Structure formats: structure tokens, C-alpha cells
Amino acid sequence: MAKLPPPEELVKINYSTPVKGWMDVPNEFRPGTFSYPGKPDILKYLGFPNPREWSPVDPDWKLPPDWREIIMKGFRERLDKYRSFKVFMDICVRCGACADKCHFYIGSGDPKNMPVLRAELLRSVYRGEFTVAGKILSKMAGARKLEEDVVKEWFMYFYQCTECRRCSLFCPYGIDTAEITMMARELLSLVGCNINWILEPAANCNRTGNHLGIQPHAYKDMMDFLCEDIETITGIHIEPPVNKKGAEILFITPSGDIFADPGIYTYMGYIMLFHELGLDYTWSTYASEGGNFGLFTSDVMMKKLNGKMYAEAKRLGVKWILGGECGHMWRVINQYMDTMNGPADFLETPVSPITGTRFDAAAGTKMLHIAEFTADLIKHGKLKLDPSRNANLRTTFHDSCNPARGMGLFEEPRYVLKNVCENFVDMPEETIREQTFCCGGGAGLNNEEFMEMRMRGGLPRGSAVKYVQEKNQVNTLVTICAIDRATLPPLCDYWAPGVQVAGLHELVANALVMEGEQERTMDMRQEPLPGFEDAEEEE
Amino acid sequence: MAAFYSFMAVLALVFIAAIGAGSVGMYTVFGVAVPYIALLIFLAGFIYRIVYWAKSPVPFSIATTGGQQKSLPWIKNSPWDNPYNVSGTVIRMILEVVTFRSLFRNTKIDLRTDSVKVVYGSAKFLWLFALIFHMAFFTILIRHMRLFLEPVPGCIKMIEFLDSILQIGIPTLYQTDLLILVGLAFLLLRRIVDAKVNYISLAQDYFPLFLLLGIAISGIYMRYFIKADVISIKELTMGLLSFKPKLPEKPLETTFFVHLFLVSCLFAYFPFSKLMHLAGVFLSPTRNLPNNTRRQHYTNPWNDPAIKPHSYAAYEDDFREKMIEAGLPVEKEA
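Chain order of the listed sequences is A and B.
In terms of this note's numbering, the first sequence opens at residue 1084 and continues consecutively.
In terms of this note's numbering, the second sequence opens at residue 9 and continues consecutively.
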């Protein structure tokens, strides 16, 4: 693992442009700026081409002998399948409005991280191989042939894009780099250039139902363990229903939250909330993953993994599905799920059994976001909340890229947050809502070996957190994404030390007054609640 | 270098027309043949490009949402930035095409290394000058319709009147003639001066700017300096339009042929260039689709029903004993 330079070193970013044109600047695979390649056994399990041991720093990437034909054929096929791809290859005017919108460009100063140049990496080959003018004028017209170095460059920069779509918001034609990155990653995958951090979770998810490869009995164990903690905190013993047939609602959330701090507190929050409501629901071990690393692999893998949600809903005979806090999971649910695996005619439009609210926004997919569900409960006064239990927290809210720019879920989580915690302040407007910045580790790049680039990409978010930390004494960054809960703690430690990261339903659980609970003296993290700090010390 | 070559290319086009029509006197070639060919290339190329795009489906509805979704009735949604229906999407598209709404969002970052802060400034100049250029170009295009219509419709006269409302000089100055130069000059200078934009610029980014500048300057020169004979020009244009092309008796000025040749080049070049953003913006799936795919079904024509998830049965077969041991319900007993 590469050594991470301190923030004051990393922030010395050189935005000046190289003397050489970008096509003549060679790739440099420096530790900390690339992810490790997919392991051969994982590729074999998934049936992906060209499984082998290799490293991006090797001169020979062991591409298949006909790699050029494979990629060109794949390129042509994708142009025929996606109008977006064709249009985005043709209409960019290189106005540069997107340039400083990318967190990786802001944090690295590398011009190939400007969204426009990232796309040009692909566009140049499109021109050089598919257009007459490009073939004649070549470099003058920004065209080039597909060479092995181009493939290496693609691997470098399309795995330095988190598909956050911030650039697409500012583009006058809506050119979406996420779309281009998806195409490029599929092309790379055709010749066996993948990253392990994406493929292994995808493989795990296929077999065990979740990214982490947690098998059903272990999942149940972990859940029991969290329930013990809930009992310690609240005095209430809960046995959450798992794989229960005939329940009204199936609940699906990312597996990251059952596994690691601080996600587990949000996970416990769900269990407590559903228990308090007396909800007729069930967890599933077969569909124990909300996230979908297929989104970062290929449309086929995305569809295959997503298909489990409806398959399980059908098997269990539920009426509708409730989805937990997650980022890219909600891009898939909102923009892909029904198209890929719907229509889900066997389900019903979600209706809250507590308030009777019919959620027409989810009438197609039959899948509701937990923030919508909880906001509706609070609006109808169905939850007894004691926000003073969160009085020690001064919070701000990180909009995750996908629910922001692939859905538009802004007010629901803020409404919930303001009702469970009185101290809330937003970060500067250029860094939140539709303009929100990535955590630096989205789209499958939240691995350890990529840490330097993650911290670079995390600079705009870190800077905004630091701003409210200094100005408003914010000490807690709340988010509704499991990947954020994994990526933001190191980001905050690095750019804004002293700020902790929490899930929305962790704070809901803190504030939730439950029937039959013991006097609460500690929060979900088993740290003393405000007013009980001394009691802790006396013990 | 790309800028220089583009400039030289446009200069070469000017000389071709100046020598071909002005010195050699190939009036029929430059006054009749070239415009017809250019128009044909434009129409065929434009249609070809649209058909080429339209042949590929839009498999997924991937709107970039720029505001609050419509969900709970008591939460105010952004109907234009995050449209959930057709009318909202149409308004979003109109605002995008007419007012360049996305470009209006533009910001500029500044990194303060000492305090480790990224700060955001307003950056509306690109939006402003791009809008000035496009609006001026569009108005000038409409004004030119007077050369193809007899009698000249009132709406065109009205536009001419408004465009010259400041009543400066004789012939009266059209404001758009100045504005188009201002717009083009800004876009060109920005490309040359701004290091980032310069770095990403290709020959095909400079070429249309120089070409348009050539067209604007030759047009301005004709109207205000040599005061070209508009009546003779209209004789030619009406002839072209009625497919009975006839060169006017009085020979036309060389500048006119330069102007006409550059315009012909623009038309012929258009469908094969980034200028097709004119049509492409209407086909951009992140803008022209509503964010309603959780509400209603959207069909992907190549969706493959054969792609199935790893089945529950296979999952249970894999883990049955462990599931039973953990007290989890199973479909089939071991």
C-alpha cells in the first residue's frame, strides 16, 4: 500500500496544463492512484473473459491476441445499443464547463480527469476508427488509433471516475460521463481488464446474496449480535423476522451496514423502528444486498443481481418492498429496475400500514425509500421522538450522488434529520443537493489501495465539511448511503478531523422513544447520551 | 497550432472564393453550383446524422435530476429541474435550448492551499457570451429570410426594425451584427487564453469560429462599407429558390461571393461536425426524459428476459444445512 502524503502536501495541486498535448502524455501507474485488477478465479466464476494474473504496472497486460477486434466490435455494438453513447460521442463542443466540476480533477489537477478529456479518451478512438475525417486528419482532428497504451489509459481514467454525474448537471447538452465510463468499463471488461473491488462483491452478491459474501447463517448471527446490542441500549429484546413468507413488506438494505461501524448503528435503527411500529415485514438472506456492483460492471450483471429483489418478493409473497439507505442502489431502483426486471405486477403500490399514505411515486417499481417512509411517519406524528438525545450532535447532511442526481431525494432525509436532531446546518450550496460532491470512493472505487486518489477526490467534500465544522461547530456528517459510511470516515479524519459519520436512521434510533424501553443512558454507539456523561464516569 | 491551421483553412476558403469568383469570374460555380451542392450536403448529412442517432434506442431512462423529486404531497418538488411528466420535461428542454439553463449554473473553483479550502465563484461569462452569439446568429438568420421571400413578411420587417432600433448610422446598424462579433470574439479568445480550455481544444473547435467570423465580417463589410447591391443579390437568391437560377445583369461584388462561399462551407461542414449539437441537444437522454421510472414502466427494446438472477433454489441448495441449523426457514428439508 502506498504511503498517503499529509493533507498539507496533497493540497498543493498543480492546475497548470502540460506543454505536451494530452495524447502525448504517457500513463503513469503510481501506487495509490489505481485499483488492483480482478483475480482470475473471480473472473472464472463470473464467466468473464481473459482471467489471468496481471498488474497495471506490468509492461505486458496479457491482453488476448485479438484484443483490438474485440474492443472495436464491442464499441460498435454499444453504439448500436445506446443512443446516449452515439450522441455523447458526437456533440461535445469542448466548452470546458465541466472541467472543474469533477472532484478528481479538483483534487488532482490532472487534465485527463476533466470530464471532457475523460470522454475524449474514448471519443478520439471513435473518430480515429469510425469517422472519415478522423482517419484523414488524425491527431489534428483529435483522432487516434486504438493502441495498447490507449487501453491502459482507459483503465487508469475510467477507474478514476465515480460515475457521480456532477459534470452532467453542468453540461449544456447533458453529456453524462457516467454513461461514457460505463461503456468504457464494459469494453475493458471484454479484454479482461477489471478491478477486483468491483468483481468480487459482484461475485459474492450472486452466490450469497450480498457483496460481503456473508452466508445465511452468518447473516443471522450478525443480526442476533446487533439485537443483543439493542437490548443493552433499550432493554427491549427483538427477534427480527428473516425470510418470512407472507409478510406485507420485504426490507432490503446494503449488506455493508450489518457488517461494519458506523453502518451497524443504522442497521440497528431499522430493526428498532420496525419493531416499534409493529411492522409486518421481513428481512431476506437471499436478497440481502441493496447495492448493486453490477452497475459498475455491465448491464447484464446489473440486471442479474437486481433480479433477486423481485424474485424474493415473489417467493415470499410480500405486497411491496422497502429499501434502506444506499446511494447507487437507488439509482438502479429509480432508473433501471423496472425497465430491466419489471413490471412487477404481482406487487402493489406501497401503502404505509401505519399512516395509510399511498406512495404513488413508487407505483411502478413498488419500492419505497426508507427516508420517504420515515418522513411520512413523522409528518403524521406516528413516532414518539426525543431529539434531545441527539443534542450533543451538531449535524450536516451529505447528499449522496446517486439519490441526488439520479432521483432527487433532498427534502425527505432533511425533514427526518431536522425532526430527530435540533442542530442541523447545510454545507455551502455548491456542495449539496444536485451539486453535491462525491465521497471519492463511489462506483466501486472505495478500496484501500486507491486511498490517495480517494482523498484527492474527497477534497471538495472534505473542504465543505471543514467549513461547517469551523463555522458552525458541526461534529457529525449524516448520510444515507452505505458506501458513504465506509468512505467518509477516513475522508473526515483526513480533511476535517473531529467530524464523525452517521446514518440517518442511527439518529432516528437515538431519538426514538420505544414502548417499554428502559431509561436510555447511552446512544446507539453505547456512548453516554447528553446528560449522562457523569454517570458513565462514576461507574 | 490547431487554431493556426484552422485560421489558415478559413483564409484559404476566402482566397478560393475571391480568386475563383473575383479574378477568374466563375460566377455560376460560386453563385449557383456551390450553394446548391452545399445545401444538398447539409440536408442529406443532417438527415443522415439524425437517422444514425435515432437508429439506436434509448434503453434506460437516465434523466440527470437537478432538483427535488415529486414524492410526498407536502414536499415541494422542482417540476422543471426534476420533471416527472411530459409537460415538465418540455419546459426543461425549452429552458435548456433557449436559455442555456445548465450552462447558467456554471461555477468556478478556487483552491486556497493555505487554508485547505475549495471556494466557488460565479462564472456566468461563458453563458452570457454563448447566449449572445447564438441569439445574434439566430436573428441574423431570420433577417436573411428577406432574401428568399417576396413580399417580405411583416414579422421579418419587425425583427429588422427591432434589431436596428438604436438608429445608428446609414445604413442603420443592426445590433446583432455587433453582438455576433462580440460573442464570437469572446468564445475564440477564451479558447486561446484560458489554459484549460486551450488544452482541450481541437482544430474542429477553432475552425467553425473562424468560419463564422469570416461570414460575419464579410457580411458586415458588404452592408456597411461597400454597400452591396441588395436588389441584385435578391435576384440571385430568388432565382436559386425557384430552381431557375439566373445571375443578375449587374455583376455582383467579390465580397458577396466570399460571403456566400463561406456560408456554403458552413452548411456543408455542419452535419459532420460538433455543430450538430443543435440537433443533438434534443436527443440527450439525460435531459429529454422525465424522472418517472419508479412511477411507470419504461421499455428497453433489447431487454433480455433470458438473464435471470441466481435462483433462490440454487441458493438454498448451496446453504440448506447451515440455514436449518441457524433456524432459518427453508423450502425443501434436507
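I should point out that these hints are in silico values taken from the structure, not numbers from a laboratory.
Predicted, not measured: the structure shown is a model, and the values here were computed from it.
Careful, some of the hints might be misleading.
Stated by the list, open to error - If you want a taste of the chain B side facing chain A, the calculated C-beta under 10 Å gives, among others:
1) 31
2) 40
3) 41
4) 69
5) 84
6) 138
7) 235
8) 301
9) 316
C-beta: ideal position from N, C-alpha, C; glycine also.
Next on the checklist: Checking hints one by one. Is residue 235 of chain B an interface residue toward chain A, by the C-beta closer than 10 Å rule?
Outcome noted: With a closest approach of 35 Å, the residue 235 of chain B hint is violated.
Checklist entry - Should the hint that residue 40 of chain B touches chain A count as held when the rule is a Cβ pair under 10 Å? => result 27 Å, violated
Item to check | Hinted contact residue 316 of chain B with chain A - closest CB pair below 10 Å | outcome: 6 Å, holds
Checklist entry - Does the CB of residue 69 of chain B sit less than 10 Å away from some CB of chain A? => result Cβ of residue 69 of chain B sits 6 Å from chain A, so the hint holds.
Next on the checklist: Checking hints one by one. Is residue 31 of chain B an interface residue toward chain A, by the C-beta closer than 10 Å rule?
Outcome noted: Since the shortest Cβ distance to chain A is 29 Å, the answer is violated.
Item to check | Status of the hint placing residue 84 of chain B at chain A (closest C-beta pair under 10 Å) | outcome: 8 Å, holds
Item to check | Restraint satisfaction for residue 41 of chain B [CB to CB of chain A, less than 10 Å] | outcome: Check failed: Cβ of residue 41 of chain B comes no nearer than 23 Å to chain A, outside 10 Å.
Checklist entry - Hey, does the residue 301 of chain B contact hint survive, CB to chain A under 10 Å? => result Since chain A brings a Cβ to about 5 Å from residue 301 of chain B, closer than 10 Å, the hint holds.
Next on the checklist: residue 138 of chain B was flagged as interface toward chain A. Is the shortest Cβ-Cβ separation under 10 Å?
Outcome noted: OK, holds: residue 138 of chain B within 10 Å of chain A, min 7 Å.
Hints 1, 2, 3 and 7, counting from the list given before, are not met by this structure.
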